[in-house]
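**Q** Spelled out, the chains give:
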Amino acid sequence: MKKNHPLRRIVLAGAATVSGIVLLLALKPASDPAASSADGVPQGQQSVAPQGSGGTQAADAAQAQTLTGDVVKTDYGNVQVRITVAGGKITSAAALQSPTGGRSTTVSTDAVPKLNKAAVTTGTADIDAVSGATYTSGGYKKSLQSALDKAGAPGGGSADTGGTGGTGGTGGTGGGSGSGDASGSGAGAAQAKTVTGKAVTTDYGPVQVRITVSGGKITKAEAVQSPSGGRSSQVTSDSVPKLNKAAVAAGSADIDAVSGATYTSGGYKESLQSALDQAGG
Amino acid sequence: MSTIAGGRAARRQTMRRIRPRRSPAIALLIAVWAGAAGVVWLWWSNTPSIADDKDRILNAGRITGLLAGYLMALVVLQMARVPALERRVGSDRVARWHAMSGRYVLCLVLAHIGLTMYGYALQANTGVVDQTIDSVNTLPDMGKAAIGTGLLLFIGLISVGGLRKRIPYDTWYHIHLLTYAAVYLSFWHQLSTGNDFAVQPTATTAWYVLYGTVTALVLWYRVFVPIRLNLRHGMRVEEVVEEAPGIVSVLISGKRLHRIGAEPGQFFRWRFLAPGMRLSSHPYSLSAAPRPGLLRITVKALGDHSTALKGLKRGTRVWAEGPYGALTASRRSRGKVLLMAGGVGITPMRALFETLPAARGDLTLLYRANSTQDLALWDELSAIADERGARLMYAVNSPDGERPDINPETLRQKLPDIDDHDVFLCGPPGFAQGAYTALRGAGVPARRIHHESFEL
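Protein sequence lines, in the order shown, are assigned to chains A and B. Residue 154 in this note's numbering sits at position 154 of the first sequence; the count goes up by one each step and never skips. Residue 65 in this note's numbering sits at position 65 of the second sequence; the count goes up by one each step and never skips.
Honestly, I wouldn't trust all of these hints.
Cut-off 27 Å, straight-line C-alpha distance, at most; resulting in silico cross-link-like pairs (BS3-like, lysine-lysine) [as the list claims (entries may be wrong)]:
(1) A:Lys28 - B:Lys54
(2) A:Lys150 - A:Lys89
(3) A:Lys150 - B:Lys54
(4) B:Lys165 - B:Lys310
(5) B:Lys414 - B:Lys336
(6) B:Lys313 - B:Lys255
(7) A:Lys193 - A:Lys217
(8) A:Lys73 - A:Lys150
(9) A:Lys142 - A:Lys89
(10) B:Lys144 - A:Lys142
(11) B:Lys144 - A:Lys73
(12) A:Lys28 - A:Lys245
(13) B:Lys255 - B:Lys310
(14) A:Lys245 - A:Lys198
(15) B:Lys54 - A:Lys89
Some chain B residues flagged as far from chain A (calculated, every beta-carbon gap over 12 Å) [said to hold, decoys possible]:
(16) Ala73
(17) Val76
(18) Val89
(19) Ala95
(20) His98
(21) Ile155
(22) Thr215
(23) Val240
(24) Arg269
(25) Gln413
(26) Asp417
(27) Asp420
Here's a subset of chain A near chain B, in silico, CB distances under 10 Å, partners left out [claimed, not checked]:
(28) Arg9
(29) Ala13
(30) Ile21
(31) Leu24
(32) Leu27
(33) Pro29
(34) Gln65
(35) Thr68
(36) Val71
(37) Thr100
(38) Thr109
(39) Lys150
(40) Arg231
Derived from the structure by calculation, the hints contain no laboratory data. All values derive from a computational prediction rather than experimental measurement. All residues carry an ideal CB built from backbone N, CA and C; glycine is no exception.
Please put together the full structure from these sequences, using the hints given.
**A** Written as structure tokens, this is what we have:
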């Protein structure tokens, strides 16, 4: 039967909650260390952070704008896309909703990252469907188009394609099928060469790296395959951008493993080395 | 009345070694905080960065939303009548937690809605109202969530002090049950629009486990267990006896009632299936240890329900839920015990006075009432005192209405070794508060003062 002080309790609880939340928000960095990929990389090919929250890519363009597309109903569930547009380009795309439950979850986990990537690469809603995920792809494209319409750039989007990379469309296909085709994805230099390393199997899934080498340097590195599903998806989305950046910075396969992603890092390095071997340097 | 006194079987039941059981409250609070930390960690691990104010607002909305979703489940859990909470932490304390956390959750929900809608509006360059309408219409499960929130606000509104006192308890209680619908309706938007659940399937699983467990506990302890109890015991009103002006005892017969699991000091929630009383369920303490065929409650006419008890007819069916309450023999830690009762608070004390294991002279009952006339059950108490060699004292107002002074000095005068006692305390809030202060002043440590109070 301690004395009750309702007012004091309310004030305390309120102050504690507010200051706790403010503290949490203040502790977060202003820009994502993982998402701001290596300097030499053309910006179209970044792997997309799953949140697609407006701020992720906002650092590079002050006028970045986040747009949410319509909800599109498919036979397997709803699809809704949110994109960030900066300087007339799609800098990131993410699915707010995608079919879930049973098999659908697997299909979504597989297809959505590919579609996100394709959207960023092409800069339009004109992306190829991911095989095995026809409905989701269809819904995705519709929702993406509606988001682009909101951006007021239905045609402008395709004009940007040229700027993003000469063969952006091919890049989209490549992302979809997962095969490592060589496409000069905007590195600019005529002698740029794209080499795909061998697929390395890790305990959590295969890892395969594709690099663009220009003038003896790695100008771009990306993972064609990486572990996905459950916790792996999250580890991948966190670690792969860091590995890509490290590969470009180091110019060799001698990069540090990302903590918490030891297996992925190991496979990445091995695949990267094989790609470097193929590139002959 | 001799039928209810001298329950030997019941006394044997409580005659175990003195081994105080710690209340699990601390462990439970730690678990609740750990869960909250897990929820914040979920947000933390899914949020790579925060760039600008829009982001800050949206993320504050996400944190408040996640915490509200988590706590909402716990608020419901607190009223699931889980034995560990009702019998060990104590129904009164859990009810206070429920009220407190319920208000807090409501604030979190409002903050979540405000922050999220404002953040979306900033992002889309629209007004907050337009954005809210748009979100409710287009985002999945948001329609349901809006209805659920409306219900929650309504329930919160009628629970506010001033308004609640004006609404009859039964009406308030039945409106309060709508919370289940509100929680169900607002559950789905958490999974379908919550960023953290979209990104992390394990989080979704954890949410289903949390809400699934709570649902299962509510169904088990609020529906299944009471049905089983009442089918087993088939209770009916046996007799209604007036004990003192305005205080009646209801004797309830049934099958194998000594197996009902009630310890002296506990209470049931009673529902008498008589016209006009079917819809109300009220907590009344047992005023005697259960006998094989008989239970007894003693009630003071304070409200409509307790007044109507006088008119109960023999044979009326009784629906009981319980036993609940933590004011039992298992709380004591010492050989010597002082029981303090104020007015109708005598009911659980009477049951404890009869059954608490104690050597002759180690047990004392102090009974406070307005006048000697109001000392209900006095004859029984004297008989028990004689039989057990226990001390029985009373304090009543003097003829001119002056209240007896219960203070550290008078207490020490009556019981020189009072600081070596466990004290069980039951009575109206004013009496309980005064007695508590006096006991602390007389040197009884707080952990040895056991009381129950149903004020929120």
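**Q** If a hint holds in the structure, say so; if it doesn't, say that too.
**A** A quick look at each hint next to the structure:
1. For the hint linking Lys28 (chain A) to Lys54 (chain B), the alpha-carbon distance of about 14 Å falls within 27 Å, and the restraint holds.
2. Taken as a hint, the Lys150 (chain A) and Lys89 (chain A) pair is honoured in the structure, with Cα atoms around 14 Å apart against an allowance of 27 Å.
3. A distance of roughly 19 Å separates the Cα atoms of Lys150 (chain A) and Lys54 (chain B); the hinted pair therefore holds under the 27 Å criterion.
4. Restraint check: the Cα-Cα separation between Lys165 (chain B) and Lys310 (chain B) comes to about 24 Å, which is no more than 27 Å; the hinted pair holds.
5. Restraint check for Lys414 (chain B) and Lys336 (chain B): the C-alpha separation of about 14 Å stays at or below 27 Å, so the hint holds.
6. For the suggested pair Lys313 (chain B) and Lys255 (chain B), the alpha carbons sit about 19 Å apart, so the restraint of at most 27 Å is met.
7. Proposed proximity of Lys193 (chain A) and Lys217 (chain A) is supported: the alpha carbons are some 10 Å apart, at most 27 Å.
8. Distance restraint check for Lys73 (chain A) and Lys150 (chain A): the Cα-Cα separation of roughly 19 Å lies within the 27 Å cut-off, and the hinted pair is therefore satisfied.
9. Only pairs whose Cα atoms come within 27 Å are accepted, and Lys142 (chain A) paired with Lys89 (chain A) is accepted, the gap being roughly 18 Å.
10. The suggested pairing of Lys144 (chain B) with Lys142 (chain A) holds, with an alpha-carbon distance near 26 Å, which does not exceed 27 Å.
11. Proximity of Lys144 (chain B) to Lys73 (chain A) is assessed by CA-CA distance (about 18 Å); at most 27 Å being required, the pair is judged to hold.
12. Only pairs whose Cα atoms come within 27 Å are accepted, and Lys28 (chain A) paired with Lys245 (chain A) is accepted, the gap being roughly 21 Å.
13. With a C-alpha separation of about 24 Å, the suggested pair Lys255 (chain B) and Lys310 (chain B) falls inside the 27 Å cut-off, and the hint holds.
14. Proposed proximity of Lys245 (chain A) and Lys198 (chain A) is supported: the alpha carbons are some 19 Å apart, at most 27 Å.
15. Annotation: proposed proximity of Lys54 (chain B) to Lys89 (chain A) holds, straight-line Cα distance about 21 Å (limit 27 Å).
16. Residue-level check passed: Ala73 (chain B) sits 18 Å from the nearest beta carbon of chain A, beyond 12 Å.
17. Even its closest Cβ contact with chain A, about 20 Å, leaves Val76 (chain B) beyond 12 Å, as expected for a residue assigned away from the interface.
18. The non-interface label for Val89 (chain B) is consistent with chain A: the shortest C-beta to C-beta separation is roughly 15 Å, beyond 12 Å.
19. Residue placement check: Ala95 (chain B) keeps its beta carbon more than 12 Å from all beta carbons of chain A (closest about 14 Å).
20. Residue-level check passed: His98 (chain B) sits 15 Å from the nearest beta carbon of chain A, beyond 12 Å.
21. The beta carbon of Ile155 (chain B) sits about 19 Å from the closest Cβ of chain A, which is more than 12 Å, so the claim that it is off the interface holds.
22. With a least beta-carbon separation of about 20 Å from chain A, Thr215 (chain B) lies farther than 12 Å from that chain, consistent with its non-interface assignment.
23. With a closest Cβ-Cβ approach of about 33 Å to chain A, Val240 (chain B) is found to remain outside the 12 Å limit, as its non-interface label requires.
24. With a least CB separation of 23 Å from chain A, Arg269 (chain B) remains clear of the 12 Å interface cut-off, as annotated.
25. The Cβ of Gln413 (chain B) lies farther than 12 Å from every Cβ of chain A, with a closest approach of about 23 Å, so its non-interface assignment holds.
26. Listed as outside the interface, Asp417 (chain B) is consistent with that label: its C-beta sits roughly 22 Å from the nearest C-beta of chain A, beyond the 12 Å cut-off.
27. Non-interface call for Asp420 (chain B) relative to chain A: holds, since the shortest CB-CB distance, roughly 20 Å, exceeds 12 Å.
28. Taking 10 Å as the C-beta contact cut-off toward chain B, the hint placing Arg9 (chain A) at the interface holds, the least distance being around 8 Å.
29. Here the hint on Ala13 (chain A) is kept, as its CB sits about 6 Å from the closest CB of chain B, short of 10 Å.
30. Hint status for Ile21 (chain A): holds, given a least beta-carbon distance of 5 Å to chain B, under 10 Å.
31. Interface hint status for Leu24 (chain A): upheld, as the beta-carbon distance to the closest one in chain B is roughly 6 Å, under 10 Å.
32. At its closest, the beta carbon of Leu27 (chain A) sits 9 Å from a beta carbon of chain B; the interface hint therefore holds under the 10 Å criterion.
33. Of the supplied interface hints, the one on Pro29 (chain A) holds, with its beta-carbon coming within about 5 Å of a beta-carbon of chain B, less than 10 Å.
34. The beta carbon of Gln65 (chain A) comes within 8 Å of a beta carbon in chain B, closer than 10 Å, and the hint placing it at the interface holds.
35. Taken as an interface hint, Thr68 (chain A) checks out: its beta carbon lies about 8 Å from the nearest beta carbon of chain B, inside 10 Å.
36. Using the Cβ-Cβ criterion of 10 Å, the hint placing Val71 (chain A) at the interface with chain B is satisfied: the shortest such distance is roughly 6 Å.
37. For Thr100 (chain A), the shortest C-beta to C-beta distance to chain B is roughly 8 Å, which falls under 10 Å, so the interface hint holds.
38. Evaluation of the Thr109 (chain A) hint against chain B yields a held restraint, the C-beta minimum of about 8 Å falling below 10 Å.
39. The interface hint given for Lys150 (chain A) holds, since its Cβ lies 9 Å from the closest Cβ of chain B, which is under the 10 Å cut-off.
40. Interface hint at Arg231 (chain A): satisfied, since its Cβ lies 7 Å from the closest Cβ of chain B, which is below the 10 Å cut-off.
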